[in-house]
Each structure stands twice: as structure tokens, then as C-alpha cells.
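Asker: Protein sequences, first through last, are from chains S and V. If you're matching positions, the first sequence starts at 123 in my numbering and goes up one per residue. If you're matching positions, the second sequence starts at 48 in my numbering and goes up one per residue.
Calculated directly from the structure, the hints in this document are not laboratory data. There's no promise every hint is true.
The following label-pair restraints were derived from C-beta to C-beta distances [stated by the list, open to error]:
| no. | chain 1 | residue 1 | chain 2 | residue 2 | range |
| --- | --- | --- | --- | --- | --- |
| 1 | V | Leu489 | S | Tyr275 | 32 to 40 Å |
| 2 | V | Gly442 | S | Lys448 | 52 to 60 Å |
| 3 | S | His399 | V | Val168 | 40 to 48 Å |
| 4 | V | Pro404 | S | Gln351 | 43 to 51 Å |
| 5 | S | Pro297 | V | Ala268 | 22 to 30 Å |
| 6 | V | Ala473 | S | Gln256 | 35 to 43 Å |
| 7 | V | Leu489 | S | Gln351 | 48 to 56 Å |
Quick caveat: nothing in here was measured; it's all calculated off a predicted structure. No residue lacks a Cβ here, since even glycine has one placed at the ideal position from N, Cα and C.
Listed here are the chains, written in short residue letters.
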Amino acid sequence: MNDTKGNGWKQTGWIAIAVLLLGIAGWEYVFAALGGSRQPVVDDADLWSEWRERATKAAPGDLILVGASRIQLGTDLGTLERVTGQRVFQLAIDGASFLPVLGDLAMDARVRANVIVSVRAPDLTGKGVERGQQMIDYYRHWTAARFASPSQYTERMLKDVAYDFLPSREQGVRPETLYAFWRDDRRISDYLTTYATREREGDYSNFDIAALREFRYRRSVKWFRDAAQTPADIIDRNLRYMRAAVEAIRQRGGDVIFVRFPISEELLAASERHLPHERYLGRITPETGATLISFEDYPSLRRFDPADGSHLDVTDQAAFTAELAKIILETRERAR
Amino acid sequence: MQFDSLTFLVFFAIVLFAFWSLHDWSARKNLLLAASYVFYAAWNPLYVGLILLSTLVDWCVAGRMLLTRSVLQRRLLLLASLVVNLGLLAYFKYTNFLLDVSGDLLAAFGVTYQPPAYDIVLPVGISFYTFQTLSYTIDIYRGKLDRHWSLRDFALFVSFFPQLVAGPIVRAAHFLPQTERPPVFSRDALGMGLALVACGLFMKVVLADAFVAPVADAVFAESTRVGFFSAWIGTLSFGAQIFFDFAGYSTIAIGTAACLGFNIPDNFQKPYGAQGFSDFWSRWHISLSTWFRDYLYIPLGGNRGTTWTTYRNLMLTMLVAGFWHGASWMFLIWGFVHGAMLMLERAAGLHAVVMPPVARAIYAFFVLVMVHVAWVFFRSSDMAGALEMLDAMTGAAGDSVYTGREPFALLVIVGMLAYHSVFRHARLQDTLLAMRPLPRGLLLGAMLLLVFLYSGGDERSFIYFQF
Numbered sequence: 123m124n125d126t127k128g129n130g131w132k133q134t135g136w137i138a139i140a141v142l143l144l145g146i147a148g149w150e151y152v153f154a155a156l157g158g159s160r161q162p163v164v165d166d167a168d169l170w171s172e173w174r175e176r177a178t179k180a181a182p183g184d185l186i187l188v189g190a191s192r193i194q195l196g197t198d199l200g201t202l203e204r205v206t207g208q209r210v211f212q213l214a215i216d217g218a219s220f221l222p223v224l225g226d227l228a229m230d231a232r233v234r235a236n237v238i239v240s241v242r243a244p245d246l247t248g249k250g251v252e253r254g255q256q257m258i259d260y261y262r263h264w265t266a267a268r269f270a271s272p273s274q275y276t277e278r279m280l281k282d283v284a285y286d287f288l289p290s291r292e293q294g295v296r297p298e299t300l301y302a303f304w305r306d307d308r309r310i311s312d313y314l315t316t317y318a319t320r321e322r323e324g325d326y327s328n329f330d331i332a333a334l335r336e337f338r339y340r341r342s343v344k345w346f347r348d349a350a351q352t353p354a355d356i357i358d359r360n361l362r363y364m365r366a367a368v369e370a371i372r373q374r375g376g377d378v379i380f381v382r383f384p385i386s387e388e389l390l391a392a393s394e395r396h397l398p399h400e401r402y403l404g405r406i407t408p409e410t411g412a413t414l415i416s417f418e419d420y421p422s423l424r425r426f427d428p429a430d431g432s433h434l435d436v437t438d439q440a441a442f443t444a445e446l447a448k449i450i451l452e453t454r455e456r457a458r
Numbered sequence: 048m049q050f051d052s053l054t055f056l057v058f059f060a061i062v063l064f065a066f067w068s069l070h071d072w073s074a075r076k077n078l079l080l081a082a083s084y085v086f087y088a089a090w091n092p093l094y095v096g097l098i099l100l101s102t103l104v105d106w107c108v109a110g111r112m113l114l115t116r117s118v119l120q121r122r123l124l125l126l127a128s129l130v131v132n133l134g135l136l137a138y139f140k141y142t143n144f145l146l147d148v149s150g151d152l153l154a155a156f157g158v159t160y161q162p163p164a165y166d167i168v169l170p171v172g173i174s175f176y177t178f179q180t181l182s183y184t185i186d187i188y189r190g191k192l193d194r195h196w197s198l199r200d201f202a203l204f205v206s207f208f209p210q211l212v213a214g215p216i217v218r219a220a221h222f223l224p225q226t227e228r229p230p231v232f233s234r235d236a237l238g239m240g241l242a243l244v245a246c247g248l249f250m251k252v253v254l255a256d257a258f259v260a261p262v263a264d265a266v267f268a269e270s271t272r273v274g275f276f277s278a279w280i281g282t283l284s285f286g287a288q289i290f291f292d293f294a295g296y297s298t299i300a301i302g303t304a305a306c307l308g309f310n311i312p313d314n315f316q317k318p319y320g321a322q323g324f325s326d327f328w329s330r331w332h333i334s335l336s337t338w339f340r341d342y343l344y345i346p347l348g349g350n351r352g353t354t355w356t357t358y359r360n361l362m363l364t365m366l367v368a369g370f371w372h373g374a375s376w377m378f379l380i381w382g383f384v385h386g387a388m389l390m391l392e393r394a395a396g397l398h399a400v401v402m403p404p405v406a407r408a409i410y411a412f413f414v415l416v417m418v419h420v421a422w423v424f425f426r427s428s429d430m431a432g433a434l435e436m437l438d439a440m441t442g443a444a445g446d447s448v449y450t451g452r453e454p455f456a457l458l459v460i461v462g463m464l465a466y467h468s469v470f471r472h473a474r475l476q477d478t479l480l481a482m483r484p485l486p487r488g489l490l491l492g493a494m495l496l497l498v499f500l501y502s503g504g505d506e507r508s509f510i511y512f513q514f
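Looking at chain V on its own, in the form it has when it is part of the complex (with noise of 0.2 Å):
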């Protein structure tokens, strides 16, 4: 289920009465684990089982792990969990791609292939809770985390539904210790929660849905080519809208689990006010760029090497997070020029910090606009389609496209670029403490009665109401 559906609504007003009414501990686990399957088998029953099999299996190589001193058996159980959850990722999200690209590289040879196109189904978060259980195993195996959690702990931890579906991929050894005690109800913590669930469904509903993706929609559904205004304005609300809904989204997690005496760590920090390329990637996803800096590009080596393989592990960690997004070239593509852009930096040693404000201005712009280039070939369906985007956008000649959309588009740009430049240190959760209660409650009515105005229904029929 949705985050922004009435199920969803039902669903946690029950959980969380529920939660808070009972007083065992044991007992509030075993509802919110219960709850987290119910929620995960909204979406299809059948998968469930493989939720259920990556528990089990990392739950029972990191019990093993803990009980061997023997490096070599550390290891083969260590790549058995890394097999299974890896495995089954590559499965479900890379097959046919695969068997596209081996059909393209024996037609290279001169062989014809044509591989079968198999029907596979995505479950819904495969990608966000398979690195949350390698995290465990990986941690027990480095020594990081040195004891077991009981298989029900560890079950909750994996399927914890706040961010089951969408992240934030939160550590193990970030989330378990907050099983171990039970949360004091707290009227702020719950106020919080419901804060930023509400802040959450205005920038996924109104923000992303309603203001800005028609006109990202509209500008890269255009066939033909299209103009420069449009281009770039159809770009930045894309960049506003991949923003606005896993923001929003991620939001929406940390205010459900605040809601239940839980904390999950921010995952977006204010990325736009970047003002260098590392910046931006301490800012946007953090917990998955977190997760492959400390589970690929160190291990790697990170930047303990020579200045050639700390540019080789840089490249590598972003292709395989572009990978990471989608099975597509495309993805591949936009890892490859965060990656050079991310070595260019290293190589030119641009600091923000020792820069000169103006200079520093001049390159945060700079940062700004290479990662809307790089988003272009993330939103594009091929090379084509992107490259004449970006010809568009450096001038070229086109048809401009307007949805009449495009006032609230750019009111929404503007706003957000400036919000994050000015509060880039800011948290969401210190902005909304410092506002006293009315304002607070002002704004807090106005974004859920505008998330109202912007749900539900089918507009199709209302084209002709301008008439």
C-alpha cells in the first residue's frame, strides 16, 4: 500500500492505537513485525516468502558467523548471504536485461539470439531491504556488531514497514539497539511524527505529483524536438519532481517510525544548496550513499591508494549505484558522469570550504547544473532521446511545450533552490521545533488541506471545463 492512500491511512491509525495501548514490550514488537508483513503482502502475498527468505538466511549466517573463529568459514558464510541476497536482486530486476545485452554482444560476434523475454515481477523493495540485511551480515562479519539479535528483533529490523518499501536502507546497528528497550510515549515525539508524515504527503502529493511532474512529464513525452526554454524547464522539474517524491517519501518513513518511538536517520539533506560535487552526495540518499561508501568504496580501498585507484573505486562505486536504480544503460550512464564528475573534482582538489564566496557561488551553479544534466539521461528512456535533450539545452532550436503548468513549475523550482541554498544546514525537524504552535499549525493545515485538493479522481474529463 501507498503511503499517500486511505489503506494506508486505516492501516496506521490501527497500528499506532494499537501500539501504544498495549504495555508489553514483547507484545508491541510482535504487532509492529506482524503489521510489516501485512503491509508487504498488501502489495502480493506471494512475496512475502522472499522477504521471509532473506531473513532467515542472514539471520542464520550471522548467528553462524558469531559461533566460528575461522576466517575461511567466516568468509564462505559471508559470501553465502552476500549470494542469496545479491542473487535474488540480480534475478528479479537484471534478468532480462542481461539477456538483452548477451543477445546484443553474441550479434556483435555475428551470432543471432533472440533471448526470451520472461514476465518478472519486481517486489515491491527488493532493492531497499536486501542491503539492509547484507548490513548486518557484513557488520557481524567485520566485527562491527559482535552479537545476535533474536530472530524476531532481527525479522522487524529487516521488514520494518516506515521503510520497507522506499528506504531509508537503515543500518542494523542503527535499529536493532532500539529494540532492545521499549519507547516512552511521548506527545512531542508523536507530534513530531505526524509533522513530518504531514510535511511528507505535501511534497510527494502536491509538490512532486500535482506541480511539477506534468511538466517534466510532458517535456520528455515530446516526440519531437523541443526548445531550449522548455528543455531546461522541463529538467529542473524533473530534478524537482525525483526530489519532491523520494524526499517526501523518505519523510513520510521518519515521521511514521517517530510516531512509533522509533528513529531513522535523515536521508536528504538540502542536496540542491550543494556547493561541490562530494557535497552533493552527502546530501542526496544518504543512506544509500553511505551504504556504498562503506560497503563497496572503502572496501575497495577508497582513497587509501594511489591517485589512479582512488579514481577507479570513485568510478566504480557510482556505476554500480547508477546500476543500482534501474537496469538500464541509461542509469549506468547518469552513475558515470556523477563518477567523473566526483574525479574531476578530486582531480582539480575543489574544497568549497577554502573558496572564496564568490568563487564558491559560481561553482555550487556549476554542481547545480552538471547534476541536472546528469539527471536528463536518468529520466530519458535512451541515448537518443537524452542526447537531443541536451542539445535542446544548450540552444538548439524546438517546439516549446506548455501544459499551463509551467507558472506553479517554476514557482516550486525557484522556491525550492532557494530553500536549500539559504537552510542547507538546516533540518526540517529543527525548522518545524522553532516555529511556535500557531504558524505551525497553520502551515501544517494548509499543506494537508492543499495534499486534499491535489488527490484523487482522474482530471481527464476536466480538460473541458475550461470551456
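Pulled out of the complex, with its shape left as it was, chain S reads as follows (with noise of 0.2 Å):
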């Protein structure tokens, strides 16, 4: 029989929903009295391709930022292009290597600016190439995205609008989460702000920074741990990789300057004792024919002391760009 009505689906349906619509309406009530609301601008792949394509038109003596978080959040871009007078590009990517990234512009016949690239110790184990690697390959079928896979282009479509009416959709919130912040009656702050320039900003006063702190260095000892593991021949090809990339850059007039942006003094010692500077990014100079600028190196780079350990707060952001931005200049400056 078609259509009994003993199974009683349509009650189980407007059942359903009913739990449905009134949970999501709930829920994103709760998000939003506790602080939650969408981002203006969401640091997706869409957007990075769009800067690297950017960098292709960059003017020699124009900056490209290549690394991670820390010269995502330790940059201020409005102040590097005015100290330098030159425009600036921030192709960073949030928790990947800037090796994938750095052979990208390498191979890149088009880009004749200079590149400022942000390298961390493990980097050069090779850890966390797979993320840069996938906006590397996200850029490539960037144009051919919309129609090699269409589902991909119209998934985001939808997001977007899906995203205005379920702002906590948009930032993946779990239940937990939002648990522990109505428990604990706090707000949720939205500490990182990012821009249409790829620029970020940390504010951390909301943190408990003590339990950050230790947070971040319990993650990043067990990081450099890990990457001690890692052969050595392994870090010498990573190295042979990186000149080839610097050689290829300055063929077309531009130049490489990698720099270490400062963590805390605790994580300097344990970086020390898991990746000792000799082994590791002390070789860069030598091996790459690149200049190192190494924050503990300068004291007008060292008195900063990043918030969490790892990621300066906004509050230092625009007056540490402006003394690596000096020191970028003295640099460029001695090259020449």
C-alpha cells in the first residue's frame, strides 16, 4: 500500500523539524549573547589567490611577506609600505611552512619583487608543506576552479549567504566550546581581525595570558620535539631548496631576506635545545646565500615581547614593523 498512514512520518517530520528550527535558533541566540558574529572578511583561499596573483604584477623593490601567523599578525602592512615606500603583498598562510609558498614565486617568471620570508626552526624539517601546497594548487586551477569543479564554486556561493543568517556556522563552533564560555560566563572576543589586505591583528586582552602562554609552549616544545626527529639529509635538501629558490628570485632582480620574528624567551631556550641555531636556521646564511634577520640578533627587535609567546598583540604590531622595516632598509641598503 502507498500511502498508510499508521507509520505517521508527517508527525515525525514537523516533529523534527520543529527540534531542528527551534535548536538553531537556540543556538545562534546563545552565539550571539555571548559575543559571537560573523567576520568581515574570512582569510579563505579565495582571497590568498587573489593576493598571489597580485604579486605577479609587484614592481621590483615591492615586498612579498611569505611564512605563517607570526608575520600575519606581526605585520603591519600600512606601516612596512610607508617606512619602505614600497607596496606590500601578505601571501602568509596561517600554520604552514613557507617552503611550498617560497618555490611557488620562485618558478614564477612573472614576480620581480623582493620576498621577506618569516622561517621558524621546524621549518626547515619540511613539517606543514601540505597546507601551503593546497592553496599553491587552489591558485593554479584558481580561474579553471569555477569550472573544474563547479560544486566547489557554488558550496561557496551558498556559504556565504548561509553564513549571514548562521554567523556560527561560518566559525565552525562546537557545542563544547560555547559550553565552556557560558559556563565560565565569559564573551567571545574576536582576537583575530583580518582585513581584505591579507593583514592581521591579534588582540589579547581578553586572555587569561599566563594559561596562554603555557598553552602555547607545552604545543610548541612537543613541535620542536618532533621536529628534531627529522633526518638530516632531509634538512639539507630543504636548504638546497630554498637557494635554488633565492638564486632563481635574484636572477630576476629581486632578493630573499628571511627573518625570525620573536617569540618568548622560554620558547627561544627550548627552540635552542631541540633545533640548536648552528644546526639549523644558522645554516641559512651560509647554505642560501640569503640574509637571516634573527630578532634576537637586535635589541630594537628584541624588546618586544609577543603576547601569547609566538604572535605579537596589536598593540606592538605597527612600531615592530617599523624597526624591521629599518633594518629591511640598512639590509637592502648593504646588498647593494
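Each of the two chains sits in its own frame; use the hints to bring them together as a complex.
Answerer: Written out as C-alpha cells, the structure reads:
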């Protein structure tokens, strides 16, 4: 028989829909009440691809920034442009190794600008290259992606509409996270603000800084320890790769400058313990020919103490960038 | 497009509404065919040509086979179908692996050869639809099917979007007769279909992706040796992840098809409640295991020959089944472990049906342990990692891995094992039908709400939100 009323699917359906809609409404209400909202700019693969494309039009002397969250949170693009007199293109990828992007820029004959690379000791082991490579793959199919995978394009469009009504989904806030905030009577702080230029600011004023630094320290020490297991031949190979990238960029009139952004004293000590300078970062200049500006060598940089041990607070961003910019200019002068 | 995406939600709503709005059966089938090709093209429009090629070749081959009585001609036609379909599969899935193996073999003889690495993108669903089309030509060759369906109906069978990407692998003999007469709209079928879709989404998005996958990923990504507890919870989490992910997709496929009036057979039946290795394979990825049984194991001779040929056939079938999953030695080893267990079970004459309850429970526990030992090979990226994990599982010292999600994962694992053991004969559809509307509505509503709560976004920034 086709339509037996005995199974009660109509009632089931209405009850399920009611539970779902009430649940969603309640959830979004609580999210908003705790301070949650939609991000004005989402730092996704599309935004990165736009800036990667713009970097191909950078003039000689302009600056392309490569690396991860330290350079993204630590650099005030406006200050850098003002002090250096050059345009700046932010291509850092949160949580990613710089290796794939540096290589990609080196292989792109259109790129003639200077490249500033934020380097961390574990980067030389090659860990974390996947995310950067994904971005590059996405960029390479960026225009074709609208045709090669139409569903990705439509999914982005639909999500953009959905997130206007369901902002909690944009950030993927989970029940246990929101419960913790509600239980502790705390507000969700939009500590990260991303701009259309891909510049980011971190406002750590609402955090329990001691607990945050402890968390960051433990996580970083595990990262250093894992990185230290990497065989020496892989480090050698990556340094050769970096050298080739530096040479390729120099052949087109640009230059590469590596920068070690500030970390806390305790993290610096831990980094030295597991990844000694002479076996890792200290090899960059002799083996690639590029300059390394390491924060611990410059009092004007070392005086900045990252809020969470690894990332500068927004209140230090402009001042740090101004100091770094002067050092970059001096380095460029000496290179001439 | 993925089942758990907004695009699919919109797509399916449009197709469902349009399908039941049309009165002409031919028009409905045309709609489904077009929708299925749109569904596939949404991944990559260029690869539509491959599924079209496979469809046309096998439809033509089947048609010619039915017209000729020459055994030689029929064999040649079948061979053509096998070569085209398996050739496509081999090229896209196994080229780089085979090149690497040839390089390694030559190196063993002192010949230095660096094979080229081709950037070959695996077309989505090729492992599934090639097996589906082959079932048609093989069944016609064998005389199991004695009529030729229209190109449109056959193309619909091959490309039917609910099961195109990740199965179940549906047999022509099961699906094609359903194209002969239009289904009549049934609120029950629609309700059950949507309920299955909700259950499938819950299994995949919540249980697999949110609860157990992070634990499994963290343990298997650990570069240093993990400890006993972490090794086991990581492996059990992976066992749960692969079940909920795969069974979730299959459940969505079955539910989606049911909404359109089509019946697709179950693909999983409480596999972790298995009381033997044969029993496990009658419950895990049923459409694949029966495909290999009917088109490889039985043609090889099955268990009709000597004991040793039976063992050979079992092992060969499981090796091929392992290799089907991916171009890697690890999948072959996974297949080998299962083949060895099936052989041992047969050799020892172990049948749960005749065992006393305690012995049956002990054997079922042993099966569960060995299935998860085999998962270690399936999940690990190389042999060294797999052996290290197995070492840790037997008690070797190591670091503990803690993501914070372990309590959720343990809850899911224990719940799953208990449910599979206690309700090993119950079908999900029967369980849903037995419930009264209110608790069923509350359950499905809660599942959908959890799907909503555990979807979307990148929680990277939220790592800091505990502070």
C-alpha cells in the first residue's frame, strides 16, 4: 500500500523540523549573546589566490611577505609600506611552512619583487608543507576552478549566504566550546581581525595570558621535539631547495630576506635546546646566500614580547614593523 | 558535490520536487539521468566523458552479446568490456604505483630507473561505476540477464547519483527492473528515505568527522612512538571512523534513492557484531564483498575444488579486494590479513552457529581484535608506522596522545560496539519503523541539530577560545 497513515511519518517530520529549527534559533541566539558574530573578511583560499595573483604584478623593489601566523600577525602593512616606500603583498598562510610558497614564487617568472620570509626552526624540516601546497594548487586552478569544480564554486556562494543568517557556522563553533564560555560566564572575543589586504591583528586583551602562554609553550615544545626527529638529509635537501629559490628570485632582480620573528624567552630556550641555531637557522645564510634577520640579534626587535609567546599583540604591531622595516632597508643598502 | 554540503541539499530538493511533479515516467527517468550527469559534472565536467565511455562500451557490448550465439564472439566481447573498464581503472588508479614498483624491481637487479611521476587525478567514483557496468556485461554473458535495456535506462543505472560516488555497488539485475515501472509516491517511502538521510548525515558528520576522526588522526600522525592506551584508542577510533563514514554515506545513498522510489540494498549490517571472519564479510561493505564473491571467488572455483584451491581463491580474492581500495602495499597487506584469517577460520572449522555461547563470545572478541589489527595496515602510510603501532598495541612504551576528544570517542566506540553486538540482526529501517512518531521525530530532530552544530568552519582560531 502506498500511503499508510499508521507509520506516522508526517508527524515525525514536523517534530524533527521543529526540534531542528528551535535548536538552531536557540543556538544562534546564545552565540550572539556571548558576543559571537560573522567575520567581515574570511581569509580563505580565494582571498589568498587574489593576492597571489596581484603579487605577479608587484614592481621590482616591492615586498612579498611569506610565512605563517607570526608574520601575518606581526606586520602592519601600512607601516611597512610607509617606511620602505614599497607596496606590500601579504601571502603568509596561517599554520603553514613557507617552503612551497617560496618555491612557487621562485618558479614564477612574473615575480620580480623582493620576498621577505618569516622562518621558524621547524620549517627547515619540511613539516607543515601540505597547507601551503593546497593553497598553491588552488591558486593554479583558481580561474579554472570555477569550471573544473563547479560544486566548489556554488558551495562557496551558498555558504556565504548561509553564514549571514548562521554566523556560528562560519567559524564552526562547537557545543563544547560554547558551553565552556557560557559556564565560565565569558564572552567570545574576536581576537583575530582579518582585513581584505590579508593583514591580521591579534587582540589578546581578553585572554588569560599566563594560561595562554603555557598552552602555547607546551604545544611548541612538542613541535620542536617532533621536528628534531627529522633526518639530517631532509634538512640538507630543504636548504638546497631554499638556495635554488633564492637564486631564481635574484636572477630576476629581486632578493630574499629571511626574518625570525620574536618569540618568548622560554620558547627561545626550548627552540635552542631541541633545534640548535648552528644546525638549523644558523645554516640559512651560509647555505642559501640570503640574509637572516634574527630578532635576538637586534635589541630593537628583541624588546618586543609576543603576547602568547609567539605572536605580537596588535598594540605592538606597528612599532615592531617600523623597526623591522628600518633593518630591512639597511640590509638592502648593504647588499647593494 | 558531497552529500554533506549545501549544494547537494539544494540540488536534491530541486530534483526531488521536479521528479514527483512530472507525471510521465520517461520524463522522470530523463530528469534523473540529467541530474546524475550534472551531479558528476559538478566534480569535474571533463570526467563525464569517462563515465559516458564506460556506459556506451558496455551497452554496445551487452547488446552484441545478446545477438550472437558464438561462444568465441561472446568471450571476445566480454574481454573488450573487461579491458576497457579495468583498463581505465588501472590507468587512473594504479599507473604511478605500478611505475614505482617497476622501478623498485629493476633496482633489485641493479638497474637504475627513475620512473616519471604522472599527475593523474583519480576520477571520483570510478572504482564503483566500473564494477557496476561490468556486472551488466558479465551477467549477460552468463545468461543471468537475458534482455537488453534501453541506453537511457542503462545509462541511468550506471550514473544514478545516489550511489554513483561511493556505492553501494548495485547490480544491474537489482536496479534495471525498477526502471520498467514508475514508483508511486508514498509518504512512507519518502519519510523513511529522509530519515535514512538524516541518520547517514549524523553518522558521517557527527560520529565520524567530529568525534572519532580527530583522535585517530592525532594518534596516527604522531611521529614518535605512542603508548598502549593511545595506540588502542587511536585504532579503535579509526575503526569507528571508517565505519561511520562509509556506512553513513551508504545510508544517505539508500535514503536518497528511497525518496525517489528506488530500492538500493543495504551495504553494512552491524559488522562489529560479527561472530566470525566470514560473518564480518557478510556485514561489511556487502555490495563489494558479494561482487567479489560472484565475479572473482566463484569463477576461480570458490570452494568447489580442493582445500588448497579454496584457500588460494580466498587469498586471491582478498588481495584483489585490498588492492581495490587503493594503490599501496598497505592495502594489499590489509587484504592479506583478512585472507589469512578467512583461511584459518575455514581450516579450523570455526562456525559461530555451533559454538557454545561463551566460546562464541570469545571468538567474536578475537575477530574484533584482528579486524582492528588489520585496520592498522589500512590506515598507516607505511610498514614501519604500522609495525610501530602494532608494537604499541601489544604494550611497548611510548608517549600518550591526548586531544581532549578521547571521552567523546570512547563513548562513540563503546556505544557502537554494544549496538552492533546486541542488535546485530536488526536493520536500521526496521528500528525506525518500530518507533512511535514522537520519539522518532525527537531523535531525528536531535540528529539533524547535531549535524548542524558540528558542521562548518575552521576551528583553528577557536583553539585559543578555551582561554
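Asker: Would you mind marking each hint as holding or not holding in the structure?
Answerer: Against the structure, the hints come out as follows:
no. : hint                            : in the structure
1   : Leu489/V - Tyr275/S: 32 to 40 Å : holds, 37 Å
2   : Gly442/V - Lys448/S: 52 to 60 Å : holds, 58 Å
3   : His399/S - Val168/V: 40 to 48 Å : holds, 42 Å
4   : Pro404/V - Gln351/S: 43 to 51 Å : holds, 49 Å
5   : Pro297/S - Ala268/V: 22 to 30 Å : holds, 25 Å
6   : Ala473/V - Gln256/S: 35 to 43 Å : holds, 42 Å
7   : Leu489/V - Gln351/S: 48 to 56 Å : holds, 50 Å
Going through the hint list in order, the structure satisfies each hint without exception.
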